[in-house]
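Given the sequences, and given the hints that come with them, work out the whole structure.
Chain order of the listed sequences is C and U. Under numbering that gives the first Met the number 0, the first residue of the first sequence is numbered 0, with each subsequent residue one higher. Under numbering that gives the first Met the number 0, the first residue of the second sequence is numbered 0, with each subsequent residue one higher.
Careful: at least some of the hints might be erroneous.
Simulated coverage check for chain U against chain C, where a stretch passes if three residues somewhere in it have a Cβ under 8 Å from a Cβ of chain C [unchecked claim]:
id, segment
1, 4-17
2, 30-40
3, 45-58
4, 138-151
5, 159-168
6, 174-181
It is worth saying that the hints were derived from the structure and are not from the lab. For each residue, glycine too, the CB sits at the ideal point set by N, CA and C.
Below are the chains, spelled out letter by letter.
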Amino acid sequence: MDILRFATAGSVDDGKSTLIGRLLYDSKAIFEDQLEAVERTSRDRGTEYTDLSLLTDGLRAEREQGITIDVAYRYFATPRRKFIIADTPGHIQYTRNMVTGASTADLAIILIDARKGVLEQSRRHAFLASLLRVPHLVLAVNKMDLVDYSQERFEEIREEFTSFASKLNVGDLTFIPISALNGDNVVSRSENMPWYLGTSLLHHLENVHIASDRNLTDVRFPVQYVIRPQRATDHAFHDYRGYAGQVAGGVLKPGDEVMHLPSGLTTRIASIDTFDGPVEEAFSPMSVTLRFEDDLDISRGDMIARPNNQPHVAQELEAMVCWMADGIKLTPRTKLTIKHTTRTARALVRDLHYRLDVNTLHRDEEATSLGLNEIGRVSLRITQPLFVDDYSRNRMTGGFILVDEATNGTVAAGMVMDAH
Amino acid sequence: MLQRDYTTSQLDVLEAEAIHIMREVAAEFERPCLLFSGGKDSIVMLRIAEKAFWPAPIPFPLMHVDTGHNFDEVIEFRDRRTAELGARLIVASVQESIDQGRVVEQTGRRASRNRLQTTTLLDAIEAHEFDAVFGGARRDEEKARAKERVFSFRDDFGQWDPKNQRPELWNLYNSRIRKGEHIRVFPLSNWTELDVWDYIRREGIEIPSIYFAHTRKVFERDGMLLPDADVVQRGDDEPLFEAVVRYRTVGDMTCTGAVQSPATTVEEIIEEIAATRITERGATRADDRSSEAAMEDRKREGYF
Ligand SMILES: Nc1nc2c(ncn2[C@@H]2O[C@H](COP(=O)(O)OP(=O)(O)O)[C@@H](O)[C@H]2O)c(=O)[nH]1
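This is how it looks when you write it as structure tokens:
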């Protein structure tokens with residue numbers, strides 16, 4: 000059993016909560032006491048049926064307003080897979096939440112109300128999923144019961160969305176007509192839509208192939224922590240010196256020749272250690288400890304790669320950033336702290352090239368700042384070299400966060416573009 | 000050529016993520032500590048810490064907030080496990096907080112020291128100047144937790160502000176704080192109750208005996224089975240009876256209920272959980288039943 004992480008996005012009332020509630024309910028991830036609480040609340044509010052959408056409401060303030068306002072994580076499992084849902088709100092004022100949820104997602108489900116069709120918001124959600132390089136996209140056309148399960152309506156929406164998506168970097172796009180309320184095509188194929196020949200949503204989630212979405216080509220190992228057992232009682236470990244970290248790309252094997260950055264020195268992997276014993280290979284997302292044949296001066300924030308396949312060593316970065324702070328804005332000359340893999344440095348915004356209208360994809364080159372939930376293209380100068388790849392090639396070595404030095408808040412998410 | 004399949008099992012993914020989180024904390028904070036209660040989640044967390052730094056010892060102390068109302072079996076386990084690891088254990092005592100007048104003991108039949116723990120915990124964090132505190136909480140436990148970050152920022156008063164959380168992207172965690180503030184770190188955020196049990200089985204991890212079926216004198220209150228113990232006040236209308244029970248969580252005796260179960264092995268427990276239809280906290284924690292938003296309120300104040 001492996002894990003699929005997916006994000007859900009939809010405009011208010013498209014049925015996102017109902018859909019998640021149904022997935023949890025039908026996969027038995029919902030327990031009696033949770034269901035009782037929801038039934039009680041449904042009754043108190045005078046709703047006739049049990050409102051499954053209540054299952055996914057979280058904080059009190061949100062309950063009062065009746066909406067979801069932050070990323071909430073939910074879990075369910077089938078015999079095939081464990082699922083982690085990043086439940087993100089759809090409104091434009093929550094763009095940062097969707098970006099957050101999408102950053103780790105293998106797949107994104109975008110909900111569309113069959114009656115309303117592709118809205119500005121649907122396009123925005125698709126754009127954000129593609130910006131964050133979510134490898135698989137599912138367009139769930141919901142409320143099919145309200146359009147008489149019409150194939151024509153479904154095809155119309157499919158065509159409109161496909162033509163829009165062709166402008167984006169969408170890897171794998173799947174359309175599924177559903178009724179979250181009645182359960183059509185959610186867990187099993189619906190008898191109401193015999194014209195639909197694809198699989199149910201859950202079946203798709205269970206079977207979509209994700210293992211090869213990770214970068215298994217470019218060896219990248221950001222050194223996270225140096226392990227030197229100073230007070231080891233076991234003398235075997237007296238001279239032990241291991242470099243711990245989580246593999247960000249490629250496949251590492253003992254004996255491989257590797258290059259240390261920033262020094263540019265090469266050595267070989269002597270051993271890949273774990274508490275459970277040495278392993279024959281390591282790949283993303285494994286957390287392991289490397290030992291090398293030569294004694295190099297290696298510390299946290301350094302990178303291990305291959306002599307013939309290195310990341311870009313950059314102090315000047317081109318990136319798309321999503322600004323996430325309320326109150327403060329990004330402008331040229333803004334100074335921030337950047338955290339990229341295990342390296343932290345200071346960054347200066349040299350230039351804001353344009354601000355992107357996330358609804359129309361129009362580039363406003365006159366823009367002088369980015370405010371909350373705005374996305375733009377920037378040039379950054381960094382105080383130390385970072386070891387980066389294009390975000391499109393590797394999400395781990397292409398993504399970074401920016402931290403405001405006055406408030407310590409995380410104020411932006413960034414994606415490296417055109418690394419050179 | 001046959002392509003090797005790089006599929007990674009769910010437990011391996013979760014373990015790798017938790018190890019990454021622990022190493023990140025050890026690298027970026029000066030004074031972390033790990034909350035160790037002797038409960039299954041903190042036992043799993045401890046095993047992850049052991050793995051993250053092996054062959055070096057765990058580079059931070061453990062801390063237990065002891066209500067004084069814990070099960071003997073759990074305290075015995077706590078001390079033995081700490082000694083085996085050669086770890087340093089700090090015990091923050093609720094009794095001491097009461098003796099020092101920092102908190103006032105509740106009275107009456109339903110008196111519980113559960114809520115008092117928050118003050119003891121925050122006082123200890125301040126006294127030891129801890130800047131990062133590992134907790135074993137999982138997002139599947141409860142609604143308020145579902146939105147909490149892995150690195151959960153706490154202000155000078157130890158409070159959590161659900162409206163003002165730092166966005167958390169990829170595997171990048173923001174560890175910047177000012178003096179007096181701290182971060183609660185939840186490496187098991189993405190684990191479910193079943194994942195924890197699966198992991199205990201896979202790793203062959205020892206857990207306190209009260210997790211397994213045993214015969215115990217209990218009485219019923221609000222549909223929960225509470226133990227016969229000095230610290231639990233029982234009314235005349237609450238008769239004792241003997242039952243074969245086990246615990247799904249091991250908190251304070253006054254508010255932790257047992258479930259009737261014949262499961263004596265981890266395998267049997269997993270089978271039972273896979274079939275069961277009541278959440279862990281709902282079944283066995285009186286503290287969460289008081290209101291739908293109970294956990295959120297306690298968390299804001301600085302609870303675990
Ligand atoms: N007829 C019909 N109604 C639906 C369907 N899915 C959701 N709804 C209703 O649409 C409304 C909004 O759903 P909700 O799940 O709260 O939307 P959210 O705002 O996207 O989370 C509720 O009244 C649902 O009962 C569907 O497939 N068919």
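Status of each hint after checking the structure:
{"no.": "1", "hint": "4-17", "verdict": "holds (count 12)"}
{"no.": "2", "hint": "30-40", "verdict": "violated (count 0)"}
{"no.": "3", "hint": "45-58", "verdict": "holds (count 8)"}
{"no.": "4", "hint": "138-151", "verdict": "holds (count 6)"}
{"no.": "5", "hint": "159-168", "verdict": "holds (count 7)"}
{"no.": "6", "hint": "174-181", "verdict": "holds (count 3)"}
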